[in-house]
Every structure is written in structure tokens, then in C-alpha cells.
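2 protein chains.
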Amino acid sequence: MNTQEIAEKLCEHCRNHTETQGLEDLYADNAVSVEPMAMEGMSPISEGKGAIHAKHEWWNENFEVHGAELEGPFINGNKFSIVFEIDATDKNSGQRWKSKEVALYEVEEGKIARESFFMLPMA
Amino acid sequence: MNTQEIAEKLCEHCRNHTETQGLEDLYADNAVSVEPMAMEGMSPISEGKGAIHAKHEWWNENFEVHGAELEGPFINGNKFSIVFEIDATDKNSGQRWKSKEVALYEVEEGKIARESFFMLPMA
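Those protein sequences? They're chains A and B, same order as listed.
Residue 89 in our numbering is what sits at position 83 of the first sequence, and the numbering runs on without skipping anything.
Residue 126 in our numbering is what sits at position 120 of the second sequence, and the numbering runs on without skipping anything.
Bear in mind the hints are in silico, worked out from the structure with no lab data behind them.
Where hints are given, some of them may not hold.
Remember, identical chains collapse to one label, so a pair may be satisfied in a single copy or spanning two.
Stated by the list, open to error - As a list, the in silico DSSO-like pairs of lysine-lysine whose alpha-carbon atoms are at most 30 Å apart:
{"id": "1", "residue 1": "106", "residue 2": "85"}
{"id": "2", "residue 1": "85", "residue 2": "117"}
{"id": "3", "residue 1": "97", "residue 2": "117"}
{"id": "4", "residue 1": "61", "residue 2": "85"}
{"id": "5", "residue 1": "104", "residue 2": "15"}
{"id": "6", "residue 1": "85", "residue 2": "55"}
Being a predicted model, the structure only gives us computed values, none of them experimental.
Could you put together the complete structure from these sequences and hints?
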């Protein structure tokens, strides 16, 4: 698959809530995921598909998602971007927040090799 | 300036239509600008501040901008992103279009060293 096909497949998985399958099918085994900051004692960098799966599980255990919208994919060469808007409640604190973030994906040899998430600065 | 300060300054210049000053102040002399595709016989890659200025001039000569909105900056480490929504008319063809694009900026040694623009695939 080329970058556009991978990008469109990933958007489809996100829209259908089949992200786990998307990670399995579209990511390189040694893919790296980079958050803008460390969350609750975790590293901001997850290395390898297993670590990214674990991050997804942590997210699903700790957050209740009320809504998630996405725009994209936006493409440039072997990179693409998706803009996410998320409305979720932190199950531990009870705090609900809406946030928008930009995700950047880098494709190498037909697989997603790196994803990074960009956030608005804290007020 | 750190990445967040540079990112906020660039957004301010875009909102105030002082992009030329923003390019002068915030970009490295050898900064590179990467479009998702070549426009009208031009290269998709502009190398150096002079070439980026020339691209801005080409844009200003060839397009009438009715509206431009931006969201951001979204930040991750030494990179940041801005989401632009542009409503413009191509003066040559008379065609008016609205488009959204994601811009990615990479900061090195306190200057923007690289910008890339991500577009939705053509329908």
C-alpha cells in the first residue's frame, strides 16, 4: 500500500473503532509512538507494537470516551497527518475534557514506522 | 526562543498578515519548505529564505484570499503544527476553493529549519 492507502485505512479503523486491528495491520513491528509529554509516570516514547498496544490498553482502562472526531488524512510524500478531536473523562479524577490534537505518521517500506502527537500548549 | 515561543510568534504573524516579517525573524537562512505537490511548473521544494519569500510573492500575485483561519500551535518536542483553512480565488482561472491543510514546522537551534504542508488527497 502507498502512503495515501495506508492513511485512508488508518482513518477507517479510527472511525470504526478498530484501532487494534489498524495497529496490527498497518504498523511496523518496531514502530515508535511519541507523545508530547509523559503521562502519569509513563515514558512519552513507546517503542514497538507491543508497547503501543499497551498504551492503547492503558488509555481504554483509564478514560471513558464520549466522542471522537477526525479530519484527514492530510498527505505530504511518505508522511501523513490526522486531526483528532476527543471528548473524554478521566475515570480516576472524574475530569472531563475536550481536546484537539494533530497526529503525524511516517511511512517506511509500506508500514507506519513512527507516529507523533502534537498538543496545544497548556494554558 | 523555545519551540512554543517560536510557534506562538508564527501564529501571531499569520493572524496579523505579517508573514513576511515572520519568515525574516523566525526562519533559518537555509530553511526548506516542502509542498505536497509541485504547483504550476514550480518545484515542490523551496530551499532557502529567498526561495520561500519568492513562493510567498508568487502566491500573493496569483491568489486573492477571502479568508484564512488557523488553529494551533500544536506542539511536540522541537516540532509544531498549525492547521490552516483557506478560502481563495485563483486569479488566472477564476476558480474559488476552500481548503484545509496541516503545516508541520521543525525547529533547530532556535529557528524554523523546515516547513511541510499536508493536503487532503484530490477527490
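Hint-by-hint comparison with the structure:
1. 106 - 85: So residue 106 and residue 85 pass the 30 Å test inside a copy (20 Å) and across (17 Å) alike.
2. 85 - 117: Both: 11 Å inside a copy, 22 Å across copies.
3. 97 - 117: So residue 97 and residue 117 fail the 30 Å test inside a copy (33 Å) and across (40 Å) alike.
4. 61 - 85: Answer is both: 22 Å inside a copy and 22 Å across each meet the 30 Å cutoff.
5. 104 - 15: both (25 Å within a copy, 25 Å between copies)
6. 85 - 55: both (19 Å within a copy, 23 Å between copies)
In this structure, only the earlier hint numbered 3 is contradicted, and the remaining ones agree with it.
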